[in-house]
Amino acid sequence: MIVVRKGIAALACGLALWTCAAAERKWPQLPEGTLPDTEVSTNVALQVDTARLQSFQLRLQAESCASNEVVVAVGCDANGDGDLSFDEAAFAFGCDCGVRYFANYATGAALEGVGDTLVVGRRFFDPTWNLAKVVKRGGGAVGEVVTETVENQRFMLIFR
Amino acid sequence: MVMDWNVVGIFTAFAISGVFAAYALKRPLAKVFARLRALPRLAQVAACVCVAVAAVEAQKQQGSTNEPPLNAPGPLGGIQVGPVLRIGPQLRLSGGGVATVSAEEVACGYRMAYETNDTCHAYAMPTNAAYLGNAHIRGAASGFGMNVVDFGDWSFPFGSNGVPRSRLWWFPDGRVRALPHDVAGEISAGVEGALAVQGESRLWWAAGEGDCRVLTWEGVFAGGDTNAAVNLQVVLGGDGDWFETWSNEVGRVYARINPDDWDGDGLDNAIDAWPVASDGDCFGTGVDWLNANCSGVLSASADTNGEIVVGWHTNANANAYYWLQFTATRDRTRVTVACDGPSNLGDLVVIAHSNQVCRVPLLVGACYHVQASAPVDDVSASDAEAQITYLRSVGEFYVERPIELYLSGGGGTGTIASAPDIGVAIGTITGNCCEVSFNAGAYTWTCCGTCQCTGYGQNWNVTATWEGYSKLFPWWAQCDCQAANESNPAAWVGLSAAPVVMRGGWLGGVSASFNPPESASGATASLRLDGGGKVVPWGMENRTGAVSLPMSIPPGGGGSFWLEGVTVSDTVGDVRVYLDVNVGEDTYTLTQSVTIACVDRMEMTSAVSGTSENPPPFPGETECPFNVTNSPSVDKHLLIPFCNVATLGQNGFTVSDFAVDMELVLEPEGVSASGLQTEWEVAEASPQMSGSLVPLAGLAARFVNPKQGGFYRFRARVNGSPWTGGNVVLPLCGASIDATFDSDMVALTTIMTALRDNMAWYQKQDDDFGDLYFYMANAMDYVGRVDNVQWPTVWKYNQIEDSLLNGYYRMGAVAMFRGIPTRVAKLGNFMAAYGTKTVGVWEILRMMSQWKGSLNDTTATMSWDAGTDVALGSNLVERTSALALDMWPLADIKVRRLWPNIMSADNHVETSAEFDYNRFFASPGTVRKSRTWLAPAQD
Chain A
6 MIVVRKGIAA LACGLALWTC AAAERKWPQL PEGTLPDTEV STNVALQVDT ARLQSFQLRL
66 QAESCASNEV VVAVGCDANG DGDLSFDEAA FAFGCDCGVR YFANYATGAA LEGVGDTLVV
126 GRRFFDPTWN LAKVVKRGGG AVGEVVTETV ENQRFMLIFR
Chain B
26 MVMDWNVVGI FTAFAISGVF AAYALKRPLA KVFARLRALP RLAQVAACVC VAVAAVEAQK
86 QQGSTNEPPL NAPGPLGGIQ VGPVLRIGPQ LRLSGGGVAT VSAEEVACGY RMAYETNDTC
146 HAYAMPTNAA YLGNAHIRGA ASGFGMNVVD FGDWSFPFGS NGVPRSRLWW FPDGRVRALP
206 HDVAGEISAG VEGALAVQGE SRLWWAAGEG DCRVLTWEGV FAGGDTNAAV NLQVVLGGDG
266 DWFETWSNEV GRVYARINPD DWDGDGLDNA IDAWPVASDG DCFGTGVDWL NANCSGVLSA
326 SADTNGEIVV GWHTNANANA YYWLQFTATR DRTRVTVACD GPSNLGDLVV IAHSNQVCRV
386 PLLVGACYHV QASAPVDDVS ASDAEAQITY LRSVGEFYVE RPIELYLSGG GGTGTIASAP
446 DIGVAIGTIT GNCCEVSFNA GAYTWTCCGT CQCTGYGQNW NVTATWEGYS KLFPWWAQCD
506 CQAANESNPA AWVGLSAAPV VMRGGWLGGV SASFNPPESA SGATASLRLD GGGKVVPWGM
566 ENRTGAVSLP MSIPPGGGGS FWLEGVTVSD TVGDVRVYLD VNVGEDTYTL TQSVTIACVD
626 RMEMTSAVSG TSENPPPFPG ETECPFNVTN SPSVDKHLLI PFCNVATLGQ NGFTVSDFAV
686 DMELVLEPEG VSASGLQTEW EVAEASPQMS GSLVPLAGLA ARFVNPKQGG FYRFRARVNG
746 SPWTGGNVVL PLCGASIDAT FDSDMVALTT IMTALRDNMA WYQKQDDDFG DLYFYMANAM
806 DYVGRVDNVQ WPTVWKYNQI EDSLLNGYYR MGAVAMFRGI PTRVAKLGNF MAAYGTKTVG
866 VWEILRMMSQ WKGSLNDTTA TMSWDAGTDV ALGSNLVERT SALALDMWPL ADIKVRRLWP
926 NIMSADNHVE TSAEFDYNRF FASPGTVRKS RTWLAPAQD
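Chains as they are written, first to last, in the numbering used here: chain A, 6 to 165; chain B, 26 to 964.
Take the hints with a grain of salt, since some may be wrong.
With beta-carbon atoms standing in for the labels, derived distance ranges [said to hold, decoys possible]:
1. A/127 - B/298: 51 to 57 Å
2. B/398 - A/84: 52 to 58 Å
3. A/127 - B/417: 33 to 39 Å
4. A/118 - B/413: 55 to 61 Å
If you want the footprint, here are the derived chain B segments under chain A, 3+ residues with CB under 8 Å [unchecked claim]:
5. 164-177
6. 702-709
Keep in mind that the hints were calculated from the coordinates and are not lab data.
Each residue gets a CB set at the ideal place from its N, CA and C atoms; glycine is no exception.
So that you can see chain B by itself, here it is in the shape it has in the complex (with noise of 0.2 Å):
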């Protein structure tokens, strides 16, 4: 044993050195335990976290934790696996024979056909040669780079699937891909570790006899020999159908493999038991063909002759099929035949030589496309009656025999049939009555009792089935429901009425139809009329043309007539139309009810209505028209107060959205109002349309958000009949006083400033004094209604007192103040302050003087203090404007009711005289006797 002792010695270190590092670090490391013992548990817990972490970053630094780096290879290395071959089920790689070509085959797209040694082959470059890439300049060895071979605009069917492609990708080793990493389709000249020499080797390619291109590798090392240099070639046929490989003086060749029948014996891949065992010749329709696709419904052999016999299955009926026969032009022709639907035949497909005369079963009545891949000539049916019908595409057509399909029979029992007779039988029948029971070829129909039909013809759609194939037609038939029906006439005979017919209105119609079944070929109809004298029948709908009932109603015709409604129904339904039938001795008679009807009036509600004083409803077939001006005794209508939706800010009045539903009322009561036709219609807006009219359904309507004040008349009518109107009055108050006002002050103050500065002090104090300027004849009132023609206020809603018993005689009016509607009266109360304090009069006697006339309410004493601050120096728009602003919360409801009024008052008058106090107004008698003092004296 040989010691080491230079092992020896580090190990002895590194014990000597632990035990003094342990010692050392005894003390410090039981304080940083007892430390750590003394946190709390949470702190404890976050401790070794930290330095759980911190020893795993620890590790991570040194780069040996346990995850695999990232840039680790995976499970395929980053590279692509190309397609994978997916074979059918119906494929069978092993069996009862050898196949003939094998999956790697397949899937490669191609096979070797046989080894040649022809050396009839030129390896030096033409003149018609390209270079490929640069080889020949710098030599290669692996196929790194861009070794592209185009070809420009021709193509080579690659691979299993023959996508047909225009560029490859080459390599120096004499091997061809459709893509770089595609190593499925790989076509290879066989040369292993071929070497392109710098200055020596050259690769091109030419156009080549034929639809070719050649790609030679011209003298290049092999197999490791850099001796002698060989040549490489491919030929790459256009067609797509096979391609040869060279190398030197050995050729092999490649035939390409159909995708659609990898075993070339004829059979479709789809329809091939064994796809990659040529197990038969199947090229054209011989009898082998015919076993393989149309075994479902024949049998085909060989006589001693070598014809073929076909043999029809007993469930297959011969006069079923027909031949499609044609020849094909060109080898491996590929014809395909589909059929419009399934059948116990299929589609078939035929592969053929040129030359060949296929024959092809189809099937009558079914329509087939045929697809040949090149044109095929000699197409023929063996049925006379089969249509060929081509197609653009050379070698494509239609062809179909067509065939009759019918039902025979009547209502009860039938069959169907076709033409030609080929056993069809009965899939499905739809659009019937009552129960229709089929089977095979036959159907029964049977009645029931509630049956709808009425005994006419109904249309069919019927399937019809043969041979596994089935085909919609459609069939008219009639059932044995009209028998059951000759004696119920009720199904024969229609009988309609307008139910209501409005009086004064449009006529309503009225007709009849009377169309009995042939075997009630003695029955009659009459039209008449039971109308109690409510009701004028005419013959035309503008009430022209006589009617004489009862009316005969021809069979299978009908008869009509209008109806006048000339006096209300007592009852709903009490006119009545008969329509008798007579069947023989008995008589089936049909009734329809009409009401005469009218409009009965017109109700109209509001949630924010207020107290009218001729109120809702409006008397129907009533225009019911408003006037202002009707008062005391006012029109009919419905009232809107002002402060019933209207809210005053400082900014003004906003007035909140309403509604006031109208609708008519029929009578006689109970009269349904179905399918009526009523119309409504704003007849008059004064002074202006605001809000908007909604008809809603049935007899109503609804006015809508009206914003501004004035009265609005609404009239409606039912099926034409007379005019119901109604009214909602929202009523103005009168129109703004605001420049009279203004210019009564100034003559005013005029007056009273020529008072106070030529009278005695005593003198203002004097009781007539008082009276004579500020009480006795309306010193200080406006009289009469303040009003303008085109905005004029409902007298009956601004009324003026025109009796001397209450003490307000031709007072009382309200107009617009200010933007608010006012009581004027409190504006002569202001001129009374004014004045009062203006003069000089004592405070005493100003006070005194409010007791004359009527009681102060709180309006009064505010406009009252108003006017005396006007007269200590307010500014008098001003203090009004917040005076009118004030009162009208405080105002009462004759005030608050009144709509605002946007115009100035155009019917003021100057004169003391008597005058008409509804039409005009008039400033107070101090103003105008100021005016008269003030006017300039006149000679």
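One chain only, chain A, in its complex shape (with noise of 0.2 Å):
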């Protein structure tokens, strides 16, 4: 079980995958935003073993309110600076002033009013996918840490 717990209040979201790795490790406390804009953003790396993938499930669990926003965008870290870039990510998935989108960043489609959880299908799994980064706006604690515990054939991904 990969539990990556982070600082915004209020807000969760998991991310369910298959996988066979077997590891536990804690990632290191988020740090404060400092900005006027309110937002914050880490990113998780993903190891997905695509051969033993069956689909690739991304839960968000929302306490959302009027002012805040949660996505999580997944994708290629090209430049390998560990930080996925927008021009990078794929795909975002958030709840924004608790409206749920997804949005497709290689064709432009989006989608609003989408449920909790999406799947994307083997098929579709890109293998260089290794990088989701998590952003927050709008308010919300600081300080939480994000946990990453891999089980045998599965694991789950959980921001909150």
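Make the complex out of the two chains shown on their own, each in a separate frame, by following the hints.
Dropping the structure here:
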């Protein structure tokens, strides 16, 4: 089980996928947002055994309000700087002021009012995707930690 | 040097442990290797493979293989790159001038036109504006999210191709893209690092003045400076020609780059030698435009007054060109002038300012399709004959100055010409006879000896070319072959006659045509007949109208008559029709031969036919009826014996497929049947039709797969000749005798039982007793022919012996018994055995009684035994059914050739008096007596 805890109050999202690794590690604490835009973010590496992947599920559990947003973007860290830039992101799945949405950055397709779970089929999962970026805007507590636990056959990423 | 005693200690411990481990494992390892060496070679290899696989798997479990992780970044990092700008081969990026537009700008689709300090711009959100996203609520720094501005039915031409976009992606720092990753066409307000502050910054869009949309990032922090907010604004022009960006007090105007004219010099990229450099003012149709676009046919210059002077090249015919004039109504109006075919002038493109008068040269005879991006006025042509046809769309029309093309000259030589004369040449000529050669505008038509054109006109397809343009036109031409044919009447006349006329059939037509050339106006033609009394000519096909022969044929006309065949030709083609042509003192005769034919006979064969008493062929033009009672002199027929096609099984007979082939033979011998029409039909089928008649090619037909007995009469005729008939006979046996036999057995049982009970035992062994009840006067014989009037048997093949000399007087009939054709004499034999056994005749006497009458054959013995069995108690129907089934394979040909008859006999008579034994049959005498004795007494 991977559990990633992050300092975004009242919001949580889960990411579940199949893998076969077995490890546990803690991520550094998130820095406190210092700019007035309130936006903070962190990157979480994806270790996906695509040969055994059945589907990639991203579940967004959000106690959202009318003044916050959390978005998870997934893509390939092409320049290897450890940070997923907008142009590196393949898609974004989030909840903006209470409205859940999905945006495909490759095609420009965007859809509002989606459910809390995004499922990417094996055929559509790009093996190069190796980074997920969590972006939070609109306040909330800070200083939460990210813990990643991987179980055999299956693990779950939960962002809180 | 500092000694690390920890390292030393660990190394020493490992060394000592290794020594002890090697010593401890020495003997076990030696045993293991000894056992491995003892294994077969194959087992050793397998063991090594297992060890290798285990080692690799162990490495994999520890994640230490050399394989890269499956989720390692790919070469492009999973990011799709945008469309690549493709630059045509005509693009020259360097040269004798300065490029006025860069490749990057072409890729973006816009370029900065100028900067301005215009400060008259409002950043406050108007009342008709709409928020973009929620940046004013929760702030934003990066573009992650669903940041879309949707303009509804308004669109902005984006990128180098000007694709209209009604939905754009925005970023908090003043950028706009058509698609999230479309970096090439990105529009930027020019401020980096802008942040939207929670609760303060606003991003909105609104419809601006005119056809534009205004996007404003209001109150954002830029470049990390959080002390003072700035405003960013982008105004998008709806016509797509240009757009503006603003950042506070500094403004930049960006102009959209025309995808068809990057440098904006008025020359389409396709014809611009350097499309990224505005190397001349080519708007309109000035000197530069003319030289750039029409250099293939002209050179333009300006005189001292600035007027354009056009000089036509020496290889161009100035008469072949005229001018189209129009006036553009809007700036940058783009007009395409497309020719309907290749020419030296080619297609043209004009880009003109508003009110600019343009003059475009066009080619006479070609059709141009003119399309303008905006309406054009004052459209006219310098040639009054030019036709301008407007289409639905304003600014779209056709222009064509028609030209008349023709050939002049005669059959030998000629030239191509046009009106107006623009110097056309011949490109191709098709449809001609003989050989036509041409050079430029002249042609030569050389006749050859084998020409088949007969000297008359032909339709040519001629291609005319001028100024690199080609056009196809039809022409009618007449060659010199006509002169060559003046001495060849065979080319003038035609004669046809039916090659075969059937005697008594349809009439055969004769027709002739006579078309002499004009130069042979004195020629005459006449039609005559040498029939030898075998034909009668008629003017009409229905044998009416007198014909006067010889018949004169008028020039340019024809003549015809009809022939009736009355006598068959002695040889093929002995009737002749002649067409005589007289040219001066010479005579030419055309001849057609006719044969008067008839049907000589009809041949009929089959692979399963038997020996017919009167076999085919059938005489021609004769119906040949078939009568089943004609016997012993039977009508002509083909015989199909039942036994040749039938197989008897426990479930009855199975009839295999077979065919009968029929063909008419014509007289005289050797006459061709080609083109003759043969009719076949079933003239009679008794008792009913079975199988099918299939007409074949020529004079043949086939009768296929009949399954039922009877006779089938077919007939055929050729071209209406008298019918010729033929018969196929599948002879039916006599109808079923089952009912009569069963009734007779009741009567026989009654009388035999009475005799058994009322006579002394010795009386039954008396020879007179036997003769009286079992021998004399057909006491145990069915006599006569068993038949049915609807399903009659064929007398010839179901013959009744009527001679007393052979001892079979009025016997020999074959009838259906228990579903099997059976000789009825076997039933009498059965009855005799049954009666003698029932009465109680001694066995020795019964055996001796069989010597009377005919000698027993196998089937007689079988029927005698069956009668004995029934007398001893066997079931009558079952035993006799088995008897019939067993006897058929052993029966003689008379029985086996007859086809089963499904009907019951209807000609049984109860009399001992003389009767027509061919048409009726009677039961055995003892049975008839028993009925008399048992009948109630008559007062």
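Hints and how they fare:
1. A/127 - B/298: 51 to 57 Å: holds, 54 Å
2. B/398 - A/84: 52 to 58 Å: About 44 Å separates the Cβ atoms of residue 398 of chain B and residue 84 of chain A, which means 52 to 58 Å is violated.
3. A/127 - B/417: 33 to 39 Å: This hint is violated: roughly 53 Å between Cβ atoms.
4. A/118 - B/413: 55 to 61 Å: holds, 57 Å
5. 164-177: n = 9 at 8 Å, threshold three: holds.
6. 702-709: violated (count 0)
Comparing the model with each earlier hint shows violations of hints 2, 3, 6; every other hint is respected.
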